[in-house]
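Number of protein chains: 2
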Amino acid sequence: MARDPALFCAPIGVLDSGFGGLTVLRELRRALPLHDFVYLGDSGRAPYGGREVETVLDFSEQCVERLFAEGAALVVVACHTVSSVALRHLQGRYATADRRVLGVTIPAAECAVAASRGRIGLLGTARTVASGTFTTEVRKLSAMAVVERAAPLLAPIVEEGWEETDVGFAAVRHYVESLGNVDTVVLGCTHYPLLRRAFEAALPAGVALLDPAPGVAARLVTWLDRHPGFASPATGSLRCLSTGDPARFAELGARFLGEPLREVEFLAERGGALAPSVRVVPRGQVVR
Amino acid sequence: MARDPALFCAPIGVLDSGFGGLTVLRELRRALPLHDFVYLGDSGRAPYGGREVETVLDFSEQCVERLFAEGAALVVVACHTVSSVALRHLQGRYATADRRVLGVTIPAAECAVAASRGRIGLLGTARTVASGTFTTEVRKLSAMAVVERAAPLLAPIVEEGWEETDVGFAAVRHYVESLGNVDTVVLGCTHYPLLRRAFEAALPAGVALLDPAPGVAARLVTWLDRHPGFASPATGSLRCLSTGDPARFAELGARFLGEPLREVEFLAERGGALAPSVRVVPRGQVVR
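Protein chains in written order, with the working numbering: chain E, 1 to 288; chain C, 1001 to 1288.
Think of the hints as simulated: they come from the structure by calculation, not from any bench. Only a predicted model underlies this, so the values are computations on that prediction, with no experimental measurement involved. Just so you know, even glycine gets a beta-carbon here, dropped at the ideal spot from N, CA and C. One or more of the hints may lead you astray.
[As the list claims (entries may be wrong)] Distance windows between CB atoms, simulated:
1. Ala1273/C to Pro233/E: 46 to 56 angstroms
2. Arg255/E to Ala1145/C: 25 to 35 angstroms
3. Arg255/E to Arg1288/C: 32 to 42 angstroms
[Said to hold, decoys possible] In silico negatives: residues of chain E with every beta carbon more than 12 angstroms from chain C:
4. Glu65
5. Gly180
6. Pro228
7. Ser232
8. Ala234
9. Ala250
Construct the entire structure; sequences and hints are all you get.
Laid out in structure tokens, this is it:
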């Protein structure tokens, strides 16, 4: 396959509504330690989970366009909400011979079918669950029973840093109970791996906990083997872009990524596109 | 004062980021039972509390413009986040001899100073607390000590209907403890009155709980006495407009308003303005 040589040093773009996708990035970097990555967390407009579909499409288009503008040839949509609702749209709009967009829903369904004995439960955002896309993807692979339940408090609990509190444990217990009789619980939102201890405490004996992120990373490795032009081993660098407070992103993000985040670059929306910008933090009443 | 007679049958507009402002509307309707109201809940784009300031300005402009387009001459900003950040901007942009915009922050500060023995604590959204506007307004009235703390989990807990669960009680206890030694706790977000039982359980003896909504209503009554052209007793009607799922708005909103919500009209954003629209609920992958 003849490809533009410049693409061989292209970073892999990773798109997320905020911090959560850093738990996916962590697995991607573990699997591909010499690849360069550029991560865009739309934390200034998160959470996406309760938003209207049209808004999710608008925002994710802006994120994909920014990542391509940053030099990525391949964008991984780490966010389950975007992947469940907008992946096909993003692929139809942006995928070319030189540019691709991949998601997490099909890998999550494949991992769940491989892990389950027949009764799969998924917890995710309201929007992810309303889409039914995870169930649709399991159906293509298996006749297993699938239950999806929205767990809208879990991402805010993680962002508050309350994973190890009575609030975190009680909320996880309520949501696990809402799934009824399942043998595998899929963490269908990238925030939830930080609640692993609460999930392990809440799950009955014999019920497996599945974080799809390692499976997403393993599939990306084999995808890159089959599509060698889209990214290659380089320096193992990481750039982080965020639409929210960069200082908060660096502090909170380190917990998700499992390593310090040195520098976070700020993006602002200007005329329907995300662009590098200086962030002004106003106090009091704001008049423009 | 010579006024357009048509204004005398204008409804009072009430603006909120979602459902919470219905706890304020409840008090307004109790105080002004024969006035007509039109309520706009921007629930499709809520929560505002963690958003960038520019986004809060954009959204609240659209809401105010829609309420004036619906015939209101007076708009009450029920949302503490919008009132703390954007009220002065909205007043500068929209207030004329015939149109006014009022907020909740100054009434909340006045009520707090009247209730407190000298140490006031306020819980609100991250954006409300970051603005420092409540403290600024208390300072104009008194030298009392003020502590503001963000309580970002409380509004999601109320929207999930978990006010009376172990999760709701534990979260309120943590946030009340974060205020330290205060004698009055101000509910600085319109969701929090639904957590009254959890607050009463968490507050030490002698610490008062203050919901500003009745004070907001009392001040609106005296304001209308001084400004008789902006709204008059009529049929006591209520229209509800929402940018989110009208069925969910009616179901959840009834808990906040304390009475059934018969009909909720849907608004969508089109070209930077909110307009009446038909709501389409897509499932699965969405391609446009």
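Here is what the structure says about each hint:
no., hint, result
1, Ala1273/C to Pro233/E: 46 to 56 angstroms, "holds (50 angstroms)"
2, Arg255/E to Ala1145/C: 25 to 35 angstroms, "holds (33 angstroms)"
3, Arg255/E to Arg1288/C: 32 to 42 angstroms, "holds (35 angstroms)"
4, Glu65, "holds (15 angstroms)"
5, Gly180, "holds (19 angstroms)"
6, Pro228, "holds (28 angstroms)"
7, Ser232, "holds (30 angstroms)"
8, Ala234, "holds (33 angstroms)"
9, Ala250, "holds (17 angstroms)"
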